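Residue numbers (our numbering), protein chains in the order written: chain Y, 1 to 170; chain C, 171 to 507.
It is worth saying that the hints were derived from the structure and are not from the lab.
Now the stretches of chain C that chain Y is said to cover, found in silico as 3 or more residues with beta-carbon under 8 Å:
hint, stretch
1, 284-296
2, 303-316
3, 408-421
Some, not all, of what chain Y presents toward chain C, calculated at C-beta under 8 Å:
hint, residue
4, Q83
5, M108
6, G109
7, D110
8, L111
9, P112
10, T114
11, T136
12, S138
13, T140
14, A146
Just the calculated beta-carbon pair ranges, DEER-fashion:
hint, chain 1, residue 1, chain 2, residue 2, range
15, C, A396, Y, E121, 32 to 38 Å
16, Y, P95, C, P343, 52 to 58 Å
17, C, G446, Y, V72, 44 to 50 Å
18, Y, D132, C, S356, 48 to 54 Å
19, C, D365, Y, P126, 30 to 36 Å
20, C, Q301, Y, P126, 35 to 41 Å
21, Y, Q76, C, S356, 38 to 44 Å
Because the structure is a prediction, the values reported are computed rather than measured. In this text, a Cβ means the ideal position worked out from N, Cα and C, and glycines have one as well.
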Amino acid sequence: MMTVRRVLASMMVLPLLAMTGCGDDDATPRETTMTGASAGSTSSSPAPTGPLSASDVLALGGLALPANTSGVTAEQVDASAMQWLEVYRVSFTAPRSNALQTCQTGGMGDLPSTGLTAADEELLGPSVTHVDGMRTCSSTWPENSAWDRLVVIAPGDPATVHVAISKMGR
Amino acid sequence: MGRTTERGATGLEWSGLVAVAALVVGTVFVTVQDSQVEAATTCHIGNIFGGEADCAAAAAAAGSTGSTDDRGDTQGDARGDRRDDARGDRPGPGETAPPGAVSPGGTSGPEPFPDGLGPAVIGTDAGPSPQPPVWEPPDAGGGQHASEGAGLGDRATEFAAEAAANAMAGAWPDASRNLLHFLGNSGDTLDQDVDSMLESSQNLTDAVDLGEANLAALALERAQAAGATEPVTFPINSSWRGVFMSDDDNWYYALNGIQWNLSGQVTVNPPTTPGGEWTYSMTTAVNIRDRYNWDGTKSTEIGPFTVTDEQLAELHRKGLAQEYTATGTSGTRKRNG
Numbered sequence: 001m002m003t004v005r006r007v008l009a010s011m012m013v014l015p016l017l018a019m020t021g022c023g024d025d026d027a028t029p030r031e032t033t034m035t036g037a038s039a040g041s042t043s044s045s046p047a048p049t050g051p052l053s054a055s056d057v058l059a060l061g062g063l064a065l066p067a068n069t070s071g072v073t074a075e076q077v078d079a080s081a082m083q084w085l086e087v088y089r090v091s092f093t094a095p096r097s098n099a100l101q102t103c104q105t106g107g108m109g110d111l112p113s114t115g116l117t118a119a120d121e122e123l124l125g126p127s128v129t130h131v132d133g134m135r136t137c138s139s140t141w142p143e144n145s146a147w148d149r150l151v152v153i154a155p156g157d158p159a160t161v162h163v164a165i166s167k168m169g170r
Numbered sequence: 171m172g173r174t175t176e177r178g179a180t181g182l183e184w185s186g187l188v189a190v191a192a193l194v195v196g197t198v199f200v201t202v203q204d205s206q207v208e209a210a211t212t213c214h215i216g217n218i219f220g221g222e223a224d225c226a227a228a229a230a231a232a233g234s235t236g237s238t239d240d241r242g243d244t245q246g247d248a249r250g251d252r253r254d255d256a257r258g259d260r261p262g263p264g265e266t267a268p269p270g271a272v273s274p275g276g277t278s279g280p281e282p283f284p285d286g287l288g289p290a291v292i293g294t295d296a297g298p299s300p301q302p303p304v305w306e307p308p309d310a311g312g313g314q315h316a317s318e319g320a321g322l323g324d325r326a327t328e329f330a331a332e333a334a335a336n337a338m339a340g341a342w343p344d345a346s347r348n349l350l351h352f353l354g355n356s357g358d359t360l361d362q363d364v365d366s367m368l369e370s371s372q373n374l375t376d377a378v379d380l381g382e383a384n385l386a387a388l389a390l391e392r393a394q395a396a397g398a399t400e401p402v403t404f405p406i407n408s409s410w411r412g413v414f415m416s417d418d419d420n421w422y423y424a425l426n427g428i429q430w431n432l433s434g435q436v437t438v439n440p441p442t443t444p445g446g447e448w449t450y451s452m453t454t455a456v457n458i459r460d461r462y463n464w465d466g467t468k469s470t471e472i473g474p475f476t477v478t479d480e481q482l483a484e485l486h487r488k489g490l491a492q493e494y495t496a497t498g499t500s501g502t503r504k505r506n507g
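Next up, chain Y with everything else stripped away, as it sits in the complex:
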């Protein structure tokens, strides 16, 4: 059977390659590439353009900045090496009771965090590591399921909050 398949292949490969203009019959592993673009987004909250506002980024995932925050940062992450089409990070510090409301603004409840997966760490960035007493919430945003939200709230009062908002691709 193997011989038959090889003969068949050798008889048919050359005409096929000639027709398709392919000269490379190398069957060695090749790079798999997936590239994504945000065009055609069905988001009801368009991706931010220009300087990033933390509120605009959080709104992509149906979240809102709680009151009395300080040290607010927002960035778009280069997602070209990720599976996600778009990734944004927001961090801020707020009184603990306010920080915990971050999850509630997105219709989520906070849970004790027992760890972070490698995928979580990739989304949150290298500055975020799991510590005891951390709380978390995460979900796809029900109003636009292209977007995922991941929130971690460090222990202490005031508490530092790290948020990753990411857009799903195939």
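Using the hints, position chain C against chain Y.
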């Protein structure tokens, strides 16, 4: 993303694949003599098997209707409107959305519990496990099915894609099965082997394990805060969350990005002796959802073959293949602590 991996397929399998494809090409060229159709056919086959040919001119010459980005955007916008309309009918936690309240391609179900745990009941049984939550597809897909006319070039693309799907059946059975179902053009929901995903994809397993651990911790926290003196049980129905199974070739090519949730229950047992430990017993199932579609923005190289989203999305728009919803539920998982 860039991704370099060792492929599971052998050289012999690739040879078999090329042989089948060559047979398809030969058949097409023997039966079709028209030079314009021949040009279009060559172009489409060439693209599937790694070429870089621009099919637009050939397709135009052959009278094939080319797709446009505008069409896809319009479809996406229209679909987005439908989704927005549907959101107003969302049920409350534990309630199931009424028929018609879910977007096409979505699946109905109750709202998840906001933090994953429902109200506690005294005892060790919270009743039937909740159905997976209502689910909406995360993207618009490739456009409206059968909205454009198909030409012979498109049929050649279809045949070549089918040959590729058959050839990868040994190495990547689920990738093959899913592509063949797409090419089968029924649009029917296709059940997926979630246990296989959990065995193969550490990304998924890690996410699920952590999700269970966090829910267990929450259940313990909540029972302790309530001062439970006898076993209490919480139903579990967590929100959907995305994960990519890019660490397993079969599932990467079969679905890759999916959304998953946990349903089941967790029972918390207070200490039986003063100062003793609180324990829990959790029973869950992992549910997954995905829309098998091609939105025209990506390409995937599978060994020597390049399959573009656009090529496969065209098959959907031209009525030769059809997008569908992939669903699945794992076997029962047990966890104690």
